[in-house]
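**Student:** Chain by chain, the residues run as shown.
Number of protein chains: 2
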Amino acid sequence: MKKGDLTRQRIIALAAPLFNRRGFDGCSMHDVMDATGLEKGGLYRHFASKQELAAEAFLYSLDQAIKTRTDGLDHIPGALSKLAWIIRRFVETPGPVPGGCPLLNTAVDADDGNPILRKLARKAFADWKHRLAVIIAEGIQSGEIRRSTSPDQLANTIIAALEGGLVLSRIHGSREALKDVEASLALLLDSVAAPVRP
Amino acid sequence: MKKGDLTRQRIIALAAPLFNRRGFDGCSMHDVMDATGLEKGGLYRHFASKQELAAEAFLYSLDQAIKTRTDGLDHIPGALSKLAWIIRRFVETPGPVPGGCPLLNTAVDADDGNPILRKLARKAFADWKHRLAVIIAEGIQSGEIRRSTSPDQLANTIIAALEGGLVLSRIHGSREALKDVEASLALLLDSVAAPVRP
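Line by line, the protein sequences are chains A and B. All residue numbers for the first sequence refer to the working numbering, where the first residue is 92 and numbers rise by one. All residue numbers for the second sequence refer to the working numbering, where the first residue is 92 and numbers rise by one.
Keep in mind that the hints are not guaranteed to be accurate.
Here are the simulated lysine-lysine pairs, DSSO-like style, with alpha carbons at most 30 Å apart [what the hints assert, rightly or not]:
#1 Lys94/A with Lys158/A
#2 Lys158/A with Lys210/A
#3 Lys93/B with Lys141/B
#4 Lys214/B with Lys270/A
#5 Lys173/A with Lys131/A
#6 Lys141/B with Lys214/B
#7 Lys141/A with Lys131/A
#8 Lys173/A with Lys158/A
#9 Lys131/B with Lys270/B
#10 Lys270/B with Lys141/B
#11 Lys270/B with Lys173/A
#12 Lys270/A with Lys214/A
#13 Lys173/B with Lys94/B
#14 Lys270/A with Lys173/B
#15 Lys93/A with Lys173/A
#16 Lys141/B with Lys141/A
#17 Lys210/A with Lys93/B
#18 Lys131/A with Lys94/A
#19 Lys93/B with Lys270/A
#20 Lys270/B with Lys270/A
#21 Lys93/B with Lys173/B
#22 Lys214/B with Lys173/B
#23 Lys158/A with Lys93/A
#24 Lys214/A with Lys270/B
Don't read these hints as lab results, they were simulated from the structure.
Please put together the full structure from these sequences, using the hints given.
**Tutor:** Pasting the structure below:
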């Protein structure tokens, strides 16, 4: 990697927790200058705008979160166990970039403006839903999950409940709400499990 | 109501959508001056700080949302029907103050700082959970809901799934995710319903 690329990567990694914690409006290029020790000119040599840096910082935080939360998934057998594993990992593993879920933060931050971040968040949610829906569809295919189950509907519900549970847990400073969500999603997964043939 | 109180109420009502849309950092006292037509001195005569105004604006938005979403609930008979009604109302009725759910916005905005707003959001979530848990406990009492159901757990799950569904719906600009959540919560409510005695 060239020195310029290394500096760029370093700026992104240092800016990521700032944007994740404070949001787009709450984090200034001055804050990034303070965190990186770079002058304004040095920063703008690598990023044309705060918008561009914020987008890269979001993609970096997202990538870290996905890695942390899917690493090891391939070894889990069966669709329902995979879903339960993904839910538990989300509930039990704190995000690697401080400030909570970057996807949630960016979505709430950008839902009334900032079309670039909004588009990135929309794509990230769609990708996440797709990853879960594929697992659910495989479970239907294999006979593990009831045929009447809608993969998209269940996928959206898992994502919504986890993200909402995270909001509650962070505001209360306790994992209780996420644990409650995990227990309820387990009930929901039970209810979509195909009856075992005698 | 005195003229001063009327002015204060008018400022709060005009500031509420600004804070709800843009968050605490994204909304300046200048924005409020523009929206109200008041000078800085006029604004600070009514509110000691931006913090105080933001807190009042949050409580105003919250109050409007609660009114919109609970009006008529008393006429619904039975705990499970009450819960389904609350869920449908949340899914189908847009919040009265533009910018999405004030509780969600404030919670995500304040979870890394702003202790006053954080405390208000925490209390609002606790109150909401309590209102739902009371309905669930009454359903257990009446034999409508299984005794093994935890009122707090189910209440937290409903709140988490609705708020998370709202995040997804707002970012996608479509009500699909909230509809998905409604359908899944209906399955979950079915699974906690006590078996009908023959």
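**Student:** Evaluate each hint against the coordinates.
**Tutor:** These are the hints, each one checked on the structure:
1. Lys94/A with Lys158/A: Holds: Lys94/A and Lys158/A sit about 26 Å apart, inside 30 Å.
2. Lys158/A with Lys210/A: Given that 30 Å is the threshold and the Cα spacing comes to 21 Å, the pair holds.
3. Lys93/B with Lys141/B: OK: Lys93/B and Lys141/B at ~23 Å, within 30 Å.
4. Lys214/B with Lys270/A: The hint holds at about 20 Å.
5. Lys173/A with Lys131/A: Cα-Cα ~46 Å, so violated.
6. Lys141/B with Lys214/B: Roughly 21 Å separates the two Cα atoms, so the pair holds.
7. Lys141/A with Lys131/A: holds (11 Å)
8. Lys173/A with Lys158/A: holds (16 Å)
9. Lys131/B with Lys270/B: Not satisfied, since the Cα-Cα distance of roughly 44 Å exceeds 30 Å.
10. Lys270/B with Lys141/B: violated (37 Å)
11. Lys270/B with Lys173/A: With a Cα-Cα distance of about 25 Å, the restraint between Lys270/B and Lys173/A holds, given a limit of 30 Å.
12. Lys270/A with Lys214/A: holds (27 Å)
13. Lys173/B with Lys94/B: violated (41 Å)
14. Lys270/A with Lys173/B: Holds, at about 25 Å.
15. Lys93/A with Lys173/A: Roughly 39 Å separates the two Cα atoms, so the pair is violated.
16. Lys141/B with Lys141/A: Holds - the C-alpha atoms of Lys141/A and Lys141/B are around 26 Å apart, at most 30 Å.
17. Lys210/A with Lys93/B: Violated. Lys210/A to Lys93/B sits at ~47 Å, over the 30 Å cutoff.
18. Lys131/A with Lys94/A: holds (18 Å)
19. Lys93/B with Lys270/A: violated (49 Å)
20. Lys270/B with Lys270/A: Given that 30 Å is the threshold and the Cα spacing comes to 24 Å, the pair holds.
21. Lys93/B with Lys173/B: Distance of about 39 Å is beyond 30 Å: violated.
22. Lys214/B with Lys173/B: holds (23 Å)
23. Lys158/A with Lys93/A: holds (25 Å)
24. Lys214/A with Lys270/B: holds (20 Å)
Violation of the numbered hints given earlier is confined to hints 5, 9, 10, 13, 15, 17, 19 and 21; the remaining hints are satisfied by the structure.
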